[in-house]
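**Student:** Line by line, the protein sequences are chains A and B. For what it's worth, full-length UniProt numbering labels the leading residue of the first sequence as 1, then goes sequentially. For what it's worth, full-length UniProt numbering labels the leading residue of the second sequence as 1, then goes sequentially.
No lab work stands behind these hints: they were computed from the structure. There could be a bad hint or two in this list.
As the list claims (entries may be wrong) - When the alpha-carbon atoms are kept at most 25 Å apart in a straight line, the in silico BS3-like pairs for lysine-lysine are as follows: (1) B:85 <-> A:518; (2) A:14 <-> A:130; (3) B:518 <-> A:414; (4) A:3 <-> A:73; (5) B:13 <-> A:85; (6) B:3 <-> B:171; (7) B:518 <-> A:456; (8) A:85 <-> A:4; (9) A:73 <-> B:337; (10) A:337 <-> A:563; (11) A:303 <-> A:166; (12) B:518 <-> A:450; (13) B:171 <-> B:219; (14) B:171 <-> B:239; (15) B:559 <-> A:450; (16) B:326 <-> A:450; (17) A:85 <-> A:73; (18) B:303 <-> B:559; (19) B:450 <-> A:518; (20) B:518 <-> B:337; (21) A:518 <-> B:456; (22) A:518 <-> B:414; (23) A:559 <-> B:450; (24) B:171 <-> B:161; (25) B:171 <-> B:13; (26) B:135 <-> B:14.
There are 2 protein chains.
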Amino acid sequence: MNKKLDALRQEMKKENIQAYIVPTSDDHDTEYVCSHFMSRSYLSGFTGSAGTLVVGLDQAALWTDGRYFIQAKDQLAGSGIDLMKMGVEGTPSISSYIVDHLSSGSVVGFDGRLFSEAMVEIYEEAFDKKDLILKTDLDLVDRIWKDRPVLPHTSTFHFEKQYAGKTMVEKIAAVRDILSADHLMITKVDQVAWLFNLRAHDIPSFPVAMAYAIVSQDKASIYIDDSRLDATSRELFAKNHVTIRPYDAIYTDVQTLTGTVSVDPYTINSTLYRFIEADIEEEENPIELMKACKNEVEIEQTKHAHLKDAIAMTQFMYWLKTNVGKIPMSEMSAAQKLHDLRASQADFIEDSFATIAAYKEHGAIVHYQSSPETDVPLQPEGLFMVDSGGHYYQGTTDITRTFVLGEITEYERKCFTWALQCHIRLEQATWLYGCTGEQLDMIARQPLWKHSLDFKHGTGHGVGHVLSVHEGPNVIRWQQAYTPFEAGMITSDEPGIYIEGQFGIRHENEVLAVNLDKNAYGQFMGFEPLTWVPFDVDGLDVDEMEPAEVAWLNAYHAKVYEKVSPYLNEQQRQWLAHACRPLIR
Amino acid sequence: MNKKLDALRQEMKKENIQAYIVPTSDDHDTEYVCSHFMSRSYLSGFTGSAGTLVVGLDQAALWTDGRYFIQAKDQLAGSGIDLMKMGVEGTPSISSYIVDHLSSGSVVGFDGRLFSEAMVEIYEEAFDKKDLILKTDLDLVDRIWKDRPVLPHTSTFHFEKQYAGKTMVEKIAAVRDILSADHLMITKVDQVAWLFNLRAHDIPSFPVAMAYAIVSQDKASIYIDDSRLDATSRELFAKNHVTIRPYDAIYTDVQTLTGTVSVDPYTINSTLYRFIEADIEEEENPIELMKACKNEVEIEQTKHAHLKDAIAMTQFMYWLKTNVGKIPMSEMSAAQKLHDLRASQADFIEDSFATIAAYKEHGAIVHYQSSPETDVPLQPEGLFMVDSGGHYYQGTTDITRTFVLGEITEYERKCFTWALQCHIRLEQATWLYGCTGEQLDMIARQPLWKHSLDFKHGTGHGVGHVLSVHEGPNVIRWQQAYTPFEAGMITSDEPGIYIEGQFGIRHENEVLAVNLDKNAYGQFMGFEPLTWVPFDVDGLDVDEMEPAEVAWLNAYHAKVYEKVSPYLNEQQRQWLAHACRPLIR
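Looking at chain A on its own, in the form it has when it is part of the complex (with noise of 0.2 Å):
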């Protein structure tokens, strides 16, 4: 490890440059990257899907968030790398980290491609007071990454209107109708994918394809190398007007542009901002509401997604509930297991992310990833949590279920419940339209705060319809959580309770945003469950619980059984039935 930060020291004394910047990002702004893009992990060793790497001419620190601190700090050790732990009191930001550490007129390099021009305004504001110089053009890390791979260059597929629910071109009237702007910069991949109904797979559980496009009031282009188009969105393309460019063609396209632009300086990658020479309107991104608020057919459709997800996930449950301590498994082979019953039902695509399969203390490791290094056998004993997602034709799922394999401790079972009455709260909350996921976190968390508990992530975020299991702009957790929930939106609810080398629990269904009443009091709203798969009832201390979240959970499992158990056989049946059953306070 220590070779590669030496290796860009060397071209970091060739710039002049005293302090390097490696974040985990492409130039999409897109949250899991392709290989080509993992800069970070090549250069630090750590794997996690969120952090940045600092490295200075002695020294180099990462900064990543609560989900991996424990995972960073295992994956660090040894490699000269301070981790920094963000959200933690005493943490300096990486930009105070920067000033600090370096003298007046340093120069602080990083490719500008790989920062939105929000965060680039953040750090030369921040530089700017110890005169330090920012240099943005280079990626120094390609000149020392001799096997890195190459950008990815799979085929595309048309997304049909039976799983989308509306065209492209109703999708471009509908932007065009809110734009006030003579031009829309598109720069996430996925807004590009939902906007052309087109997906791809240049990202592992992420299908679509790296690309940009433009809307202007009379014209539409997609920039996308040409060869990668199935036959299907070409002709859709040509017979409705949208010009097909080349990938990096929008570099120079955008210095052409005249009029009004609206940009995201949020997502837009900072070197395509300083490109565009019209006048700049910054705003959210339209498509990321539009995106959001799913639309009738994508709801019916994710419907039937998680009817699938469902009895996969109760098979596999039945299957590692009757065998466990009987035949050999392991976080590993039951992953497999589980990715092989996803895959037998019809219309499944791929895994929306890599499984979380965490045994006993490596469920503490929020986002922990299962190798043949870590991987253990599974015992009849303890906690074993799974953290799993399909994407099918029809839309994508997330479930976290936390399996109970034999005895477990009095602490354990009153956590499990403690955490499940957080996520029966927020299930059964009630709102006047203009809450926000901040205001709804209050709601979850209490059962949790009451007895001085936490978890360091979030209890919800969106989630796309066959695009990127986290989306947003709706999200769930107690700070910076700004936007009103609408209805359509589907969102992830996971609390979860992670004691260090001990056990992690977490509980995760998604709901979807509804319409309640409407009356002189505003229109109510609330959510509904997506999901429908057995909690772990043998994991619950029930007199923990309030008599409305026992109620609320049995008529929980008692759709549950009535949705899943016509697609069982007898024996899964009668399984099913009994973790279905009723629970008494």
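Chain A is fixed; fit chain B onto it per the hints.
**Tutor:** The following block gives chain B in isolation, referenced to the frame of chain A:
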């Protein structure tokens, strides 16, 4: 009423003004104003504590909030003044109403001393779009209000350290410690009263003197008529170099300030703001937060005040519940009885606001004031809501109880229970430091929202220490409540439900924010009740409640009995034991 508007319109014509705005305020942004400043009430006949009147040459309209919709509708009937319901969909803002009704080049007039600088800037921006002209130096109401009450001029008294916890000198030093500007403008009368430990009787229920102050790093001045000052305060000022300046001299003195001046644009009056020639640093006045976080002495003393208040309230409840239907009583006579019981407690100063004693459908008028015209006899049936409080030397109280005087409907019973569940949920809330009133409100409203019901007022407001019964910055409501709760803040917890023409219910305690566990997750916080008076359990449907809520109520009532019973006679004590009986679910 029309005569007054006609007279005002004559004056408007003389000044060539097409619209004149009359708010509910004084020169200090005071919520409850003294009679001298009741211009809006004088002109419109609407006596509520909040509202803005706009008089055009042919039309007039009055804006008020949800607490006063019913009352304002009644009082404005036949006045020719349209009621504008703030916060209701479709209601125009004051500025957009004026812009819509006036032609370009028209003149809008008001007295700039009655508006904050921030408000005037909003008007200027809105009016500028239609080239409306502002005239802000005109008190037209003064010209037509022949018997206008004079400005108050009551004698001050020193608020002893045994009640205040800190001396004036300590407070001024603390202000200087956090002041980054050269001077701090102190324009709210309770800020002045808090800083100098000074009280008076200028405004009913608000024991302050009309005064300003300026604190500089090397100087402190108070603007108040010298002849009003008590000997102790005058001596203190002399000894500690506090300059006493005439009340009106603030307008000339601010013109001599140099360097930087810290000013809160949301509370300083616009006329005064625009007299300042030095550099202005706009920020919330630091005294607001210092004043809101009660010190140990204030907290301890407030607990004494609440015990006195609990004795008076319990005696009142005993009298009411045992005598209704047997002796004549009415809204007004009951309120008088309650006042007399409070006044018989040692160190009682005055009621902390005008008691709301509202029987049956009057309860639906959120801030109902009984008068000889509206007073009704109390019968042994229905609900009687009493919202009241007292200033004692030890502290300020604010409490609402809704009494069951006899038979009530099933719907009343359910609403009574749901509103109490809201109250209990907020008292039981636990949160991590950083959470705001916008977030806590979610927890409070769930039990009513679940039934598609709501109340159109905040769930809680800050309470001053022998100052205003309403103070900021702590507030609990689901929109625009951004201040994190700090230990030592005292806030009301007062959900309610109001069914027009039928009944009103409100359950109010005051609660103290306290620090609970501090661990790796952060600083956990919660509320402790300060109010110890029985809720009328005759109104409850226990089956609607969760066991945890019933347990909270039983524990609360056990404490009420323990605290209050030693101060009652035997008959009252027996009655209280029954009133505090444990409920079973």
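**Student:** Next step is simple, just say for each hint if it's right about the structure.
**Tutor:** Cross-check of the supplied hints:
A distance of roughly 19 Å separates the Cα atoms of residue 85 of chain B and residue 518 of chain A; the hinted pair therefore holds under the 25 Å criterion. Taking the CA atoms of residue 14 of chain A and residue 130 of chain A, the gap is about 23 Å. The hint holds against a cut of 25 Å. For the hint linking residue 518 of chain B to residue 414 of chain A, the alpha-carbon distance of about 21 Å falls within 25 Å, and the restraint holds. A hinted pair counts as satisfied when its Cα atoms are at most 25 Å apart, and residue 3 of chain A with residue 73 of chain A qualifies at roughly 20 Å.
Distance restraint check for residue 13 of chain B and residue 85 of chain A: the Cα-Cα separation of roughly 67 Å exceeds the 25 Å cut-off, and the hinted pair is therefore not satisfied. Restraint check for residue 3 of chain B and residue 171 of chain B: the C-alpha separation of about 50 Å exceeds 25 Å, so the hint is violated. At roughly 15 Å between alpha-carbon atoms, residue 518 of chain B and residue 456 of chain A fall within 25 Å of each other, so this suggested pair holds. Restraint check: the Cα-Cα separation between residue 85 of chain A and residue 4 of chain A comes to about 23 Å, which is no more than 25 Å; the hinted pair holds.
Proposed proximity of residue 73 of chain A and residue 337 of chain B is contradicted: the alpha carbons are some 68 Å apart, above 25 Å. Distance restraint check for residue 337 of chain A and residue 563 of chain A: the Cα-Cα separation of roughly 22 Å lies within the 25 Å cut-off, and the hinted pair is therefore satisfied. With a C-alpha separation of about 17 Å, the suggested pairing of residue 303 of chain A with residue 166 of chain A holds against the 25 Å cut-off. Taking the CA atoms of residue 518 of chain B and residue 450 of chain A, the gap is near 13 Å; set against the 25 Å cutoff, the hint holds.
About 14 Å separates the Cα atoms of residue 171 of chain B and residue 219 of chain B, which keeps this hinted pair within 25 Å; it holds. Between residue 171 of chain B and residue 239 of chain B the alpha-carbon distance is near 15 Å, which keeps this suggested pair within the 25 Å criterion. For the proposed pair residue 559 of chain B and residue 450 of chain A, the alpha carbon gap of about 21 Å is at most 25 Å, so the pair holds. For the given pair, residue 326 of chain B sits about 47 Å from residue 450 of chain A by alpha-carbon distance, which is inconsistent with the 25 Å threshold.
The hinted pair formed by residue 85 of chain A and residue 73 of chain A meets the criterion: a straight-line CA distance of about 10 Å does not exceed 25 Å. Under the criterion of a C-alpha separation no larger than 25 Å, the hint pairing residue 303 of chain B with residue 559 of chain B is consistent with the structure, at around 14 Å. Note on residue 450 of chain B and residue 518 of chain A: the hinted pairing holds, with a Cα-Cα distance of about 13 Å set against a maximum of 25 Å. For the given pair, residue 518 of chain B sits about 46 Å from residue 337 of chain B by alpha-carbon distance, which is inconsistent with the 25 Å threshold.
About 15 Å separates the Cα atoms of residue 518 of chain A and residue 456 of chain B, which keeps this hinted pair within 25 Å; it holds. For the proposed pair residue 518 of chain A and residue 414 of chain B, the alpha carbon gap of about 21 Å is at most 25 Å, so the pair holds. A C-alpha spacing of about 21 Å is found between residue 559 of chain A and residue 450 of chain B, which places the hinted pair at or below 25 Å, so the restraint holds. Using a Cα cut-off of 25 Å, the hinted pair residue 171 of chain B and residue 161 of chain B holds, with the two alpha carbons roughly 11 Å apart.
A threshold of 25 Å between alpha carbons decides the hint, and for residue 171 of chain B with residue 13 of chain B the separation of about 50 Å lies outside it, so the pair is violated. Between residue 135 of chain B and residue 14 of chain B the alpha-carbon distance is near 13 Å, which keeps this suggested pair within the 25 Å criterion.
Against the hints set out earlier in the document, violations occur for numbers 5, 6, 9, 16, 20 and 25.
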